[in-house]
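Work the whole structure out from these sequences, hints included.
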Amino acid sequence: MVPFAGWEMPVQYKGVTREHEAVRSAVGLFDVSHMGELFFEGAGAAGCIDRLVSNDIAHLPIGKAIYTVACNERGTILDDLIVYRLAAERFMVVCNASNRDKMSAHFAARFSGCTFQDRSAQTALLALQGPRAVSVVRELGAPAQLVDLPRFGVVETTLAGVPLTAARTGYTGEDGFELFCAWNDAPRLWSTLLTAGAAHGIEPIGLGARDTLRLECRMSLYGHEIDETTNPFEAGLGWAVKLDKGPFLGRDALLAVRAAPLPRKLVGFEMVGRGIARQGYPLLDASGAPVGVVTSGSPSLSTGKNVGLGYVPSALTAIGTPIGVEIRGKVIEAKVCTTPFYKRG
Amino acid sequence: MANYPADLRFTKDHEWARREGDNVRIGITSFAVDQLGDVTLVDLPATGTQLTAAKHFGDIESVKAVSELFAPLGGEVLESNAALADHPELVNESPYDKGWMLLIRPKSPTELDKLFDAAAYEAFLGTLDH
Numbered sequence: 014m015v016p017f018a019g020w021e022m023p024v025q026y027k028g029v030t031r032e033h034e035a036v037r038s039a040v041g042l043f044d045v046s047h048m049g050e051l052f053f054e055g056a057g058a059a060g061c062i063d064r065l066v067s068n069d070i071a072h073l074p075i076g077k078a079i080y081t082v083a084c085n086e087r088g089t090i091l092d093d094l095i096v097y098r099l100a101a102e103r104f105m106v107v108c109n110a111s112n113r114d115k116m117s118a119h120f121a122a123r124f125s126g127c128t129f130q131d132r133s134a135q136t137a138l139l140a141l142q143g144p145r146a147v148s149v150v151r152e153l154g155a156p157a158q159l160v161d162l163p164r165f166g167v168v169e170t171t172l173a174g175v176p177l178t179a180a181r182t183g184y185t186g187e188d189g190f191e192l193f194c195a196w197n198d199a200p201r202l203w204s205t206l207l208t209a210g211a212a213h214g215i216e217p218i219g220l221g222a223r224d225t226l227r228l229e230c231r232m233s234l235y236g237h238e239i240d241e242t243t244n245p246f247e248a249g250l251g252w253a254v255k256l257d258k259g260p261f262l263g264r265d266a267l268l269a270v271r272a273a274p275l276p277r278k279l280v281g282f283e284m285v286g287r288g289i290a291r292q293g294y295p296l297l298d299a300s301g302a303p304v305g306v307v308t309s310g311s312p313s314l315s316t317g318k319n320v321g322l323g324y325v326p327s328a329l330t331a332i333g334t335p336i337g338v339e340i341r342g343k344v345i346e347a348k349v350c351t352t353p354f355y356k357r358g
Numbered sequence: 821m822a823n824y825p826a827d828l829r830f831t832k833d834h835e836w837a838r839r840e841g842d843n844v845r846i847g848i849t850s851f852a853v854d855q856l857g858d859v860t861l862v863d864l865p866a867t868g869t870q871l872t873a874a875k876h877f878g879d880i881e882s883v884k885a886v887s888e889l890f891a892p893l894g895g896e897v898l899e900s901n902a903a904l905a906d907h908p909e910l911v912n913e914s915p916y917d918k919g920w921m922l923l924i925r926p927k928s929p930t931e932l933d934k935l936f937d938a939a940a941y942e943a944f945l946g947t948l949d950h
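If you read the sequences in order, they're chains B and U.
Those letters in the first sequence? Residues 14 to 358, per my numbering, in order.
Those letters in the second sequence? Residues 821 to 950, per my numbering, in order.
Be aware that a few hints might be false.
[What the hints assert, rightly or not] Which bits of chain U does chain B cover? Going by a derived footprint, with three or more residues having C-beta under 8 Å, they are:
{"id": "1", "segment": "852-864"}
{"id": "2", "segment": "882-891"}
[To be verified] No farther apart than 30 Å at their CA atoms in a straight line, the calculated lysine-lysine pairs in the DSSO-like style are these:
{"id": "3", "chain 1": "B", "residue 1": "27", "chain 2": "U", "residue 2": "832"}
{"id": "4", "chain 1": "B", "residue 1": "343", "chain 2": "U", "residue 2": "832"}
{"id": "5", "chain 1": "B", "residue 1": "318", "chain 2": "B", "residue 2": "278"}
{"id": "6", "chain 1": "B", "residue 1": "343", "chain 2": "U", "residue 2": "918"}
{"id": "7", "chain 1": "B", "residue 1": "318", "chain 2": "U", "residue 2": "918"}
{"id": "8", "chain 1": "B", "residue 1": "278", "chain 2": "B", "residue 2": "348"}
{"id": "9", "chain 1": "B", "residue 1": "255", "chain 2": "B", "residue 2": "278"}
{"id": "10", "chain 1": "B", "residue 1": "27", "chain 2": "U", "residue 2": "918"}
{"id": "11", "chain 1": "U", "residue 1": "875", "chain 2": "B", "residue 2": "343"}
{"id": "12", "chain 1": "U", "residue 1": "927", "chain 2": "B", "residue 2": "343"}
Keep in mind that the hints were calculated from the coordinates and are not lab data.
The model shown is predicted, which means the values in this text are computed figures rather than measured ones.
Where a beta carbon is used, it is the ideal one built from N, C-alpha and C, also for glycine.
Shown next as structure tokens:
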């Protein structure tokens, strides 16, 4: 167990490699109840969220979710979020555990035209991820509205007698569900899913494999790829910024960022030499000069390569560009490569 | 499940040392292996390198993190386990045998006797919060 954002979290249950492979080939169950659940409700809820995040919330269909970032007035990233539209004017916004206090206070100070509630302490979240996730919920007699939920769909339903908000979302690059339920129901839902999943090869998954799974799919992790010193364009999240949707916090700064060439960008790289890049290691150009920094790195267990993400000057972002990673005083050869590192078949 | 062979000596940094004639073979304990998880890379010093007792001599990477290796005793590196370059998982599978790390010629063979024996190491592990 390790401390993580004020929570005691398991790094692994039976081993990172075994857990990673279970999610890629069968199904894994994550207790990610540390994530924050923030609710906006009432006539002005959509407009309110739209003024606080970068993506287009007004046009988000009921029963769908969307990825977005929330920026400050400087256009740098306070947090990345999934916004779930539960009803016309009822939204659940899921934030990172490490940012929950900050985002809760940030929204509480700025909401208008609706109510705002932080229900993180009452809400548990279990993520069921992997190609056999559907088989597991079928095994439990899940209603069609859950089994047939489209990607990024969200519905309020029940599973095995537990009332929940179920979404076809996740942080692994695999098919699967995120199941939000009342705190008290979570232990029962956890054991019910593990029991039903046994025939499908289910494994409980810790933080270690959660990180290797998300990295292979080039999903950002707050505090690594993104933070209050990075803007969404250099982080490769421009697709989640709708500058023409109307005013929102950070828009003026982001318009200025968009108007100029980006000095640096986040790239994926794979190690050519023997070594594993880790967060904070310097990235070097071909002459050996330090030009950037690693934001995440690990073995890619699905591809057998050692991979990483990091910021480099825009001139060094072409696929195949040779770079170096300084690992404990030694320069190890790497090259910029396409991302995601892994894509489900 | 305790797995600390009686013919080895141990350190508080979770390395083991085994006398082999005039030389000493070293590696990491099954406790260290359990803490690390799946080992993915082992960075060892070249033959001829001089080790100082309790000082950093190499690094071991698991999927999640990098950890330092500390010499159980001082001496010269005679051989490092070349098999670990392609098969770092040997450290997980066989920490006291196929997963050995270095064969060294100790500066002072009696240094070995100062290290924990298996019972003392297990007692030491009992004092750790894990």
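How the hints compare with the structure:
1. 852-864: holds (count 5)
2. 882-891: holds (count 5)
3. 27(B) / 832(U): This hinted pair holds, its Cα atoms lying about 25 Å apart.
4. 343(B) / 832(U): holds, 28 Å
5. 318(B) / 278(B): holds, 22 Å
6. 343(B) / 918(U): Measuring from Cα to Cα gives roughly 27 Å; hence the hint holds.
7. 318(B) / 918(U): holds, 24 Å
8. 278(B) / 348(B): holds, 15 Å
9. 255(B) / 278(B): Satisfied, since the Cα-Cα distance of roughly 19 Å is no more than 30 Å.
10. 27(B) / 918(U): Given that 30 Å is the threshold and the Cα spacing comes to 22 Å, the pair holds.
11. 875(U) / 343(B): OK: residue 875(U) and residue 343(B) at ~19 Å, within 30 Å.
12. 927(U) / 343(B): OK: residue 927(U) and residue 343(B) at ~28 Å, within 30 Å.
Figure legend: structure checked against the earlier numbered hints; every hint is met.
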